[in-house]
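The residues making up each chain are set out below.
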Amino acid sequence: MRMRFSQILISFLITLALLTGLEIVTSTLLPAMGWKEYRLTFNVLIILFLAIRMDSPLVPWLILGLQMIHSIFSIEGWALGTLAGLIVMMSANYLKEVLHLTTAFMTMLTVQLFQVIWYVTVTLIICLKISDFDKFGLILWSFIPGSILLSLISPVLFWMLGLIWRVPSDGGSRGVEI
Amino acid sequence: MKLINESSKTKIVNNILVAFLAIYGISQKRFDLSEPTLFHQLVTEVISPVQEGLSNSKKSLSSLWDNYLLIVNTSKENNVLKKQISRLESDLSTMEEVRKENLRLKRLLSYSDEMSHQRVMAQVVGWDSANEFKVIRLNKGRNHGIKTMAPVITDHGLVGYVYRVTDNYADVLTILDQNNRVDVMVERTRTHGIVEGVFNFKCALKYIMRNEPVEVGDKLITAGVGGIYPKGIKVGMITDITKENFGMTLSIEVIPSVDFDKLEEVLVLIPTEVAGVESLLPAVEKKI
Numbered sequence: 001m002r003m004r005f006s007q008i009l010i011s012f013l014i015t016l017a018l019l020t021g022l023e024i025v026t027s028t029l030l031p032a033m034g035w036k037e038y039r040l041t042f043n044v045l046i047i048l049f050l051a052i053r054m055d056s057p058l059v060p061w062l063i064l065g066l067q068m069i070h071s072i073f074s075i076e077g078w079a080l081g082t083l084a085g086l087i088v089m090m091s092a093n094y095l096k097e098v099l100h101l102t103t104a105f106m107t108m109l110t111v112q113l114f115q116v117i118w119y120v121t122v123t124l125i126i127c128l129k130i131s132d133f134d135k136f137g138l139i140l141w142s143f144i145p146g147s148i149l150l151s152l153i154s155p156v157l158f159w160m161l162g163l164i165w166r167v168p169s170d171g172g173s174r175g176v177e178i
Numbered sequence: 179m180k181l182i183n184e185s186s187k188t189k190i191v192n193n194i195l196v197a198f199l200a201i202y203g204i205s206q207k208r209f210d211l212s213e214p215t216l217f218h219q220l221v222t223e224v225i226s227p228v229q230e231g232l233s234n235s236k237k238s239l240s241s242l243w244d245n246y247l248l249i250v251n252t253s254k255e256n257n258v259l260k261k262q263i264s265r266l267e268s269d270l271s272t273m274e275e276v277r278k279e280n281l282r283l284k285r286l287l288s289y290s291d292e293m294s295h296q297r298v299m300a301q302v303v304g305w306d307s308a309n310e311f312k313v314i315r316l317n318k319g320r321n322h323g324i325k326t327m328a329p330v331i332t333d334h335g336l337v338g339y340v341y342r343v344t345d346n347y348a349d350v351l352t353i354l355d356q357n358n359r360v361d362v363m364v365e366r367t368r369t370h371g372i373v374e375g376v377f378n379f380k381c382a383l384k385y386i387m388r389n390e391p392v393e394v395g396d397k398l399i400t401a402g403v404g405g406i407y408p409k410g411i412k413v414g415m416i417t418d419i420t421k422e423n424f425g426m427t428l429s430i431e432v433i434p435s436v437d438f439d440k441l442e443e444v445l446v447l448i449p450t451e452v453a454g455v456e457s458l459l460p461a462v463e464k465k466i
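Same order as they appear, the protein sequences are chains Y and L. By this note's numbering, the letter at position 110 of the first sequence is numbered 110, and the numbering carries on one by one without gaps. Numbering-wise, this note's numbering comes out as the position in the second sequence, counting from 1, plus 178.
Keep in mind that the hints were calculated from the coordinates and are not lab data.
List of simulated lysine-lysine pairs, DSSO-like, C-alpha gap at most 27 Å:
1. L:K384 / Y:K135
2. Y:K36 / L:K260
3. Y:K36 / L:K254
4. L:K325 / Y:K129
5. Y:K36 / L:K207
6. L:K440 / Y:K36
7. Y:K129 / L:K207
8. Y:K36 / L:K384
9. Y:K135 / L:K397
10. L:K421 / L:K384
11. L:K380 / Y:K36
12. L:K421 / Y:K135
13. L:K380 / Y:K135
14. Y:K129 / L:K380
15. L:K384 / Y:K129
16. L:K261 / L:K318
17. L:K397 / Y:K36
18. Y:K36 / L:K318
19. L:K207 / Y:K135
20. L:K187 / Y:K96
21. Y:K36 / L:K325
Can you make the complete structure from the sequences, with help from the hints?
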């Protein structure tokens, strides 16, 4: 199934609005309720959806756009996540024949697997930047609780994003061509 | 037969372009100081009022709960007394520092001027949305006199320094963050070390030699070295000391003086020397 450019634009704008809302929840609402130690990095989940479910030359630019919004809420900036997103997208390309997100459990498992790739990439780059590889384990460990929670809610968010991007729910790993 | 079709070519070109952009972005990225881009400035000014509104409404709700549904007067009185106690503790600590400093200065027959600070009170409206960074957003910015590198404190002690600032908001790199390194000294022994954020809202005290007589319970204060933090601000307390079988230094765990779980209001100190520090930093980097 192919999407027109206007449809892509509308879907992308809705996704940006969704990300902004979720980032506000993570950065303001949850800490205000006392949840300060771990963060739910929704940008990772949304980018994983685009990387796994979409098949388009535009995906790298969509990832970049989402990361630009994420950089408003985090000093992590846009570049780290963009590179990690690209790596995840390319990995998903190689694994597309074996990825079948037909059940909630498979979605959770796949999301957890790709989150590990994401966080290892990001942690490696951060350790390189701060020239301190002693912290590799600590930084990676800080991601684990949040990533498990994200995996658990991924079927719901993927279903919502599927509606926004008009991806058939029974579609394979590369749902929509744009 | 074409091995790569047009669509695949476009994909490869786009991937390479975005990857180059990302790598360039990473190479330019600094985790200790940042100037906001125009995009960042504009979007922050639009989005942060929502964060501020949410933060305030939560405070209003919890204050309603605390003050009306629970025992009204006890809660208020308790809060006032707690604030008074912490202010008095802070004053005592400062007085002790001044007394010790005076003694040393008398011995040395010299004196030094204390840094004068302008103080700006600000509210915490948000936290960094990434796991690996411990950054808070304040509802005051350049329009209120806040500058980058300005130290941020509460009446309990040191919070961090201003990492980046827009017209009405400022991001503060807290001492819990691994990118923030604070020059400290042990109040009792005057031993110098560096406090770094580690994990689990705790910090580590580094570069303390094995033969230094530091103990669990020792308090840490800023050493005033490095040009960012004034001397004598409470930083934390040593809670655990481990002597490894190897290495020249001790492995020390520190609990910050500030309870970051309950952080709501902070004071930003704006020393007149801030501009000087900022202008010095690039010069130091260039030399390196």
